[in-house]
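Sequence order for the protein chains is V and X. All residue numbers in the first sequence are consecutive under the UniProt record's numbering, ending with 274. All residue numbers in the second sequence are consecutive under the UniProt record's numbering, ending with 315.
Honestly, the hints are just simulated from the structure, not real lab data. One thing to keep in mind: the hints can contain errors.
To be verified - Here chain X is said to cover these stretches of chain V; the calculated rule only asks that three of the stretch's residues, wherever they fall, bring their Cβ under 8 Å from a Cβ of chain X:
id	stretch
1	58-66
2	92-101
3	121-133
4	226-239
Claimed, not checked - The calculated lysine to any residue pairs, modelled on SDA-like cross-linking and capped at a C-alpha distance of 20 Å, are:
id	chain 1	residue 1	chain 2	residue 2
5	X	K275	X	L96
6	X	K311	X	L104
7	V	K7	X	N118
8	X	K93	X	M82
9	V	K8	X	L115
10	V	K8	X	G261
11	X	K119	V	G157
12	V	K102	X	L39
13	X	K55	X	L36
14	V	K164	X	F32
15	V	K8	X	L221
16	V	K164	X	M37
17	X	K119	X	L104
18	X	K168	V	N236
19	V	K102	V	N9
20	V	K190	V	S160
21	V	K102	V	G157
22	V	K125	X	E280
23	V	K8	X	K93
24	V	K125	X	V74
25	X	K119	X	F224
26	V	K7	X	L115
27	X	K119	V	A5
28	X	K119	V	L11
29	X	K55	V	V114
30	X	K119	V	I18
31	V	K125	X	Y67
32	V	K164	X	N35
33	V	K97	V	G157
34	X	K168	V	I18
35	V	K97	X	L34
36	V	K261	X	I126
37	X	K55	X	F71
Glycine included, C-beta positions come from ideal geometry on N, C-alpha and C.
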Amino acid sequence: MNNRAMKKNALFLLMIVIAVVHILPFYLLLTTSFKPESDTSSKWLWPHALYFGNFTNAWKHAHLGTAIVNNVIITGIAVTLVVFLGCLASYPLARFKTRLNKFMYTVFVATMIVPPLTILVPLYKFVAGMGGMNTYWAIILLHVTFNLPMAIFLFTGFISTIPKELDEAAMIDGTSRIGLFFRIIMPLLKPITATVIILTGVTIWNDYQFSLFFLQSSDSQTITVALSSFFSQYVNNIGWVAAGSFMGALPIIALYLFLQKYFISGLSSGAVKG
Amino acid sequence: MADVAAVSDKGVHQDTVLNTKRKRKKSIQSPFWLNLMYLPVLLLFCVFIFYPFLKGIRLSFTNWDGYSPTFDWVGISNYIRMLHDPNIGIVVKNTLIYGVGSTLFQNIVGLLYALLLNKSIRGRGIVRTIVYLPVIVSPLIMGYIWYFFFQYNSGALNDVIGLFGHAKINLLANPQLNVWIITFVNTYQYLGIAMVIYLAGLQSIPKDYYEAAELDGATPLAKFFHVTWPLLMPSVTINVVLNLIGGLKLFDVITALTNGGPGYASQSLSTMMYKLYFAEQDAGYAATLGNLMFVMITVISVTALMYLRRKEVEQ
Numbered sequence: 001m002n003n004r005a006m007k008k009n010a011l012f013l014l015m016i017v018i019a020v021v022h023i024l025p026f027y028l029l030l031t032t033s034f035k036p037e038s039d040t041s042s043k044w045l046w047p048h049a050l051y052f053g054n055f056t057n058a059w060k061h062a063h064l065g066t067a068i069v070n071n072v073i074i075t076g077i078a079v080t081l082v083v084f085l086g087c088l089a090s091y092p093l094a095r096f097k098t099r100l101n102k103f104m105y106t107v108f109v110a111t112m113i114v115p116p117l118t119i120l121v122p123l124y125k126f127v128a129g130m131g132g133m134n135t136y137w138a139i140i141l142l143h144v145t146f147n148l149p150m151a152i153f154l155f156t157g158f159i160s161t162i163p164k165e166l167d168e169a170a171m172i173d174g175t176s177r178i179g180l181f182f183r184i185i186m187p188l189l190k191p192i193t194a195t196v197i198i199l200t201g202v203t204i205w206n207d208y209q210f211s212l213f214f215l216q217s218s219d220s221q222t223i224t225v226a227l228s229s230f231f232s233q234y235v236n237n238i239g240w241v242a243a244g245s246f247m248g249a250l251p252i253i254a255l256y257l258f259l260q261k262y263f264i265s266g267l268s269s270g271a272v273k274g
Numbered sequence: 001m002a003d004v005a006a007v008s009d010k011g012v013h014q015d016t017v018l019n020t021k022r023k024r025k026k027s028i029q030s031p032f033w034l035n036l037m038y039l040p041v042l043l044l045f046c047v048f049i050f051y052p053f054l055k056g057i058r059l060s061f062t063n064w065d066g067y068s069p070t071f072d073w074v075g076i077s078n079y080i081r082m083l084h085d086p087n088i089g090i091v092v093k094n095t096l097i098y099g100v101g102s103t104l105f106q107n108i109v110g111l112l113y114a115l116l117l118n119k120s121i122r123g124r125g126i127v128r129t130i131v132y133l134p135v136i137v138s139p140l141i142m143g144y145i146w147y148f149f150f151q152y153n154s155g156a157l158n159d160v161i162g163l164f165g166h167a168k169i170n171l172l173a174n175p176q177l178n179v180w181i182i183t184f185v186n187t188y189q190y191l192g193i194a195m196v197i198y199l200a201g202l203q204s205i206p207k208d209y210y211e212a213a214e215l216d217g218a219t220p221l222a223k224f225f226h227v228t229w230p231l232l233m234p235s236v237t238i239n240v241v242l243n244l245i246g247g248l249k250l251f252d253v254i255t256a257l258t259n260g261g262p263g264y265a266s267q268s269l270s271t272m273m274y275k276l277y278f279a280e281q282d283a284g285y286a287a288t289l290g291n292l293m294f295v296m297i298t299v300i301s302v303t304a305l306m307y308l309r310r311k312e313v314e315q
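Okay, chain X solo, but in the shape it has when bound (with noise of 0.2 Å):
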């Protein structure tokens, strides 16, 4: 992995060279008609993302019930209402905890994994292979997986629990802990691509550099902070942006496990605006909060992307 990574950087940086000193030669060159190759994915993105997001701003805008031929213009109500619905702080908090809390988790011990499964240690594929395998198991599955863990009467935790004479607790009912256990669900189904991501960063940094640090007397520790750490903020910034955009919009999980429940306890921006749309026919609302989604989604993951992007030039 490593080494088709090392040549492949050579491969750009000789291309990028090339690309100088022909650039203008070439898009002299390349007819036009070339870029009709791209079309149908224009026409597409077009049709199934520019137009109903647009559309999606304009329906923000209306009392629309999601199945009737008419609705009436609300103007910005909708957003008024948004700003004073009770249930929106709980469920922004939520969101927020969803996606920032499963990214540092993930980060974090996806990181350590990669650091121990990169020593040459016997049998450490098998061990890759089952952290991994989460990963390409449906989230929703994976959801119903755990339930019977967490679950209340005959849960595998609850077992444990009885075992030390200790009643039995309905820990999915719990207001307080099951966000955080859908946040921990959430980091064990994904916690093997950070694992990989981290693994190839790590494999793509040169022998040589630990060599130099050993011979300057370094620690563990300090090899750690002065090569591994600098060297690896690509596949910090890869991970952390990937598992935002995903965490922010998070859904299977939480239907599989609490249903958003109880009350609006556990509930996502994207579980809410589910219920809004098939239980209440409340679609002009439902868009709304998609688009508060979009933003929040926008914003964070975007100025992570720049900050972390930055961090990788300083080095």
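So that you can see chain V by itself, here it is in the shape it has in the complex (with noise of 0.2 Å):
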């Protein structure tokens, strides 16, 4: 008995261990940014008292207001449309196998494999000569694009879960096929939806790839390209450089703790089923 508590204790421990390991860049992010450029004591020491102006002069310096609305307004639309098309397609992929749907499924999610960057070079030849650089439009089908073999994975798992007789009892009901989907099978999927919320979410909030190449224009900039020309002008005042990555990071970490049942939740149910 005792021996089993000993167990039990030395696996709290090892989990507290853990715990810290994994707050540490955190802890050290925090208190590097609290710290005037003066002090120049350890980062592992808790600064004396709270200093703010980094705070002040990031948001200033890496016009992280624009940013943020950027990232809002991107994020927003991208990820919107990604839900409708996606569960909008996976409709009949999920429902009717036939030939050319298995064909068509396999394509849209074998393109998961292609790496966004292979076919960067033509990509960024074409957006250009439409006229796309900087604008929200281009960017936003970017995104829309490339994380809909994701949605699609995720949406037609889910809806060949929903039994069949469903979809009969409200044709018989009388109900057309449209209005079947629109008012039977979408609000079935909430959870799904959720999953491919969060997870599309995170990567187009957090992309950096795309939004370099396509985003150049200061009034344009999302927050990770406002922060890495922020970071090559500024490398040697860390404390800035803390501070611009802590307000950057800051929303999306915010909504992750408000959220985070949802996140862990979302992730592995989508993840197993898949």
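With the hints as a guide, bring the two chains together.
The following block contains the structure:
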């Protein structure tokens, strides 16, 4: 009995160690952002007094205000489109497994393997030719396209688990196919929709590769692009960079702590089911 | 989570039974216009993936600089150049380390974490949250945070090294070490995903199996290798394939920590492509490397997928 209790305590201790190790980088980020440049004490030490100058300076010089607005607009519209187009496409793919649809499903999901970077050069030429540089619409369409394969994968898997009798009953009651989709199927998709919103939302919010390439003007920059140019400019002023990184990460960390239950269960249910 | 997965599995099964019964009738009943529902997606894919992909193959046979309206056809000379590029060896090697190395570490540590945090210990929920937190923070910002840690002048690690009276070490400029530091940071970033997928897998294993194994007098290790591991294979497949695809195209973390340097020491195919396009106006050759990257990722992840899927069927 005593042996068992000891084992349990040892595991508890191990867990504490893991937690401390994983929280350390965030702790270092905090101490660095709250120390003035003149304070050269070790990052491990908590600042004597909280200094907010780094935050005001980083906010101003990195144009974080504009960047956050851009992030919200781009992520909001792109995620809405991914969800709408994704579940719309998944319905026939999951319900009517004709040879054509099976082929289409394979093609859609297989595109997950295409790294956006490998087609970056022609994509750039193409988008620039259409006048899409530094525009919302181009970057949104790109994000939508590259996030759709995962969304279709998750939605199709989920719709396949909804009994077909439901469709038939609704059809007998005189609902049209389209009415059936919007009134019966879509409301049932809530849990998987939450998963898709979270997964694609995080990916698009954090994107750096596409944004760096297609959003170069300071008016259209997103958080990551703004921070990276800020970083290369003020690399020696580590307090500013830390404060900027902290503010850039804050919105999504806050959202995560608020919705963490859905974050984790969404990812695991989606992955296991798929 | 486990219940959800179990219920849905049942749903799939029932569905397939019904499916075979009514298959013929159903497929005739479905009007063809319903397929229009995926037309927008198909259109987007054609415009933003398939068309540029074919264009990319074409561009790799040119000497386009990325800006001018004209360019010349150069045949396969970009591919020959790639074979003779003195930097390509190190870059491909780095890309493989980022991909395969991160995948190994993420899965080993992620599985150990999942096994520990699946036990009923007080506070495990908070620890799961902490381990998962980096997943949602942008990899670029995560790279900066670790930059503060490994940095030369006022880096947190060098403070500790200094405590022991040792001179500061410039870890990020060390060509032997920085590739592994980047692999470590990428592992740290996505450990949470691996852990969560393994946790979900562990929770979907029926308890009866363990009870039966215990009755047979199985040791904890035997229980792991004969019950847990085989039943966890589907989670292994998902984790390995996702991590491989992610690691082989790693970009943000490298940019934040070393920017590929010194020289080509920590460059991956992705960062090298950016360098070629942005800094060196060498778009034709960048497209060639893009095609190499596509082939690498496809071959490696499809091989891994097929190998692991077969393992799943066997048990």
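field: List of violated hint numbers, smallest to largest
entry: 1, 10, 11, 13, 17, 19, 23 and 34
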